[in-house]
Amino acid sequence: MPTIGSSDLSIFPLALGGNTFGWTSNESTSEAVLDAFTAQGGNFIDTADGYSAWVDGNSGGESETIIGSWMAKRGNRHDVVIGTKVSQHPEFRGLSAANVAAASTASLARLGTDYIDLYYAHFDDASTPLEETVSAFNDLVVAGTVRYIGLSNYSAARIAEWFAIAEANGFATPVALQPQYNLVHRQAFERDIAPLAEKHALGVVPYFALAAGFLTGKYRSRDDLAGAARGQMAGGYFSDEGLAVVSALDEIAAANNTEVATVALAWLQAKPTVVAPIASARVVEQLDSLMAAAFLTLTDAELARLDEVSARVPE
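Residues 0 to 314, numbered by numbering that gives the first Met the number 0, are exactly what the sequence shown covers, in order.
Bear in mind the hints are in silico, worked out from the structure with no lab data behind them. Even for Gly, the Cβ is constructed at its ideal location relative to N, Cα and C. Be a bit skeptical, because a hint or two may be false.
Stated by the list, open to error - Label-pair restraints from in silico Cβ distances: (1) Arg92 / Gly235: 21 to 27 Å; (2) Gly235 / Asp78: 43 to 49 Å; (3) Glu240 / Ser126: 33 to 39 Å; (4) Thr104 / Glu250: 31 to 37 Å; (5) Ala101 / Asp239: 29 to 35 Å.
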């Protein structure tokens, strides 16, 4: 199994997204998905302290709480790699030193653990000096409550600045990046972020790997988006060029006797800096096509075809 960047975190090459837990998946369904994921060899689970505060009646942290309860019931904390994030919980917004400390303590409590394997700065906080944030994350590593650091949604310039600060002060440096990256949203990552990932040996863990479901092939028309829980997000990828990508995925999936989503994830997994795309399963039945990507090797011609057709998608 690959490791995340320069860390010793050994992972299955697909991360299970925990954003549906406490949103479109209730607790029992979430536990069934987690059980099925680990039964098939999965061990890398991605969540955030803000999941899923956007749901009426939720306050944030529901996903972490469900994952923590599941780990306690199964007694499997040391068998899984947990990645979570800070800056978006309604009670812990931003990346000031005090907030990072308080938010991490709250995440540890919800997860029922004394350490977080991979702790991401979820979104950049321009109102806090970056030196303060970098030092706060280093303090967590020194304390042993965080094993490794990751960055999500950071610009290339701010990633470079984070590394400069960390290296100048002897602080722990990030080992992972979590950007938006998929077949219909690739130009910015490949132009700006991928060179930094290569330079610093960072493991890339793309979110929206299936473009909010658009790259599963379930949305073929605007009508298909209506009423879907993630329809508005998927609609952001909807274009003639995007549909051409789905058509190419259809053909390659048929040739390999597999699913469209499997091919879309396999394309990502073939990229040199990517260690594990993130994909979510609302129910257990959606999981097989995601896990299968780890065992599908696309040919050079298939990869080139997907590269070519997806390069035409405007961003």
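### Task
Determine whether the Cβ-Cβ distance between Gly235 and Asp78 falls within the hinted range of 43 to 49 Å.
Check failed, 36 Å falls outside 43 to 49 Å.
### Query
Lying within 31 to 37 Å: is that true of the beta-carbon distance Thr104 to Glu250?
violated, 50 Å
### Task
Using the Cβ atoms, figure out if Glu240 sits within 33 to 39 Å of Ser126.
For Ser126 against Glu240, whose Cβ atoms are near 37 Å apart, the range 33 to 39 Å holds.
### Message
Within 29 to 35 Å: is that where the Cβ-Cβ distance between Ala101 and Asp239 falls?
### Response
violated, 47 Å
### Range hint compliance [Cβ, Arg92 to Gly235, 21 to 27 Å]
At roughly 24 Å between Cβ atoms, Gly235 and Arg92 fall inside 21 to 27 Å, so the hint holds.
The structure does not agree with the numbered hints 2, 4 and 5 stated previously, though it agrees with the rest.
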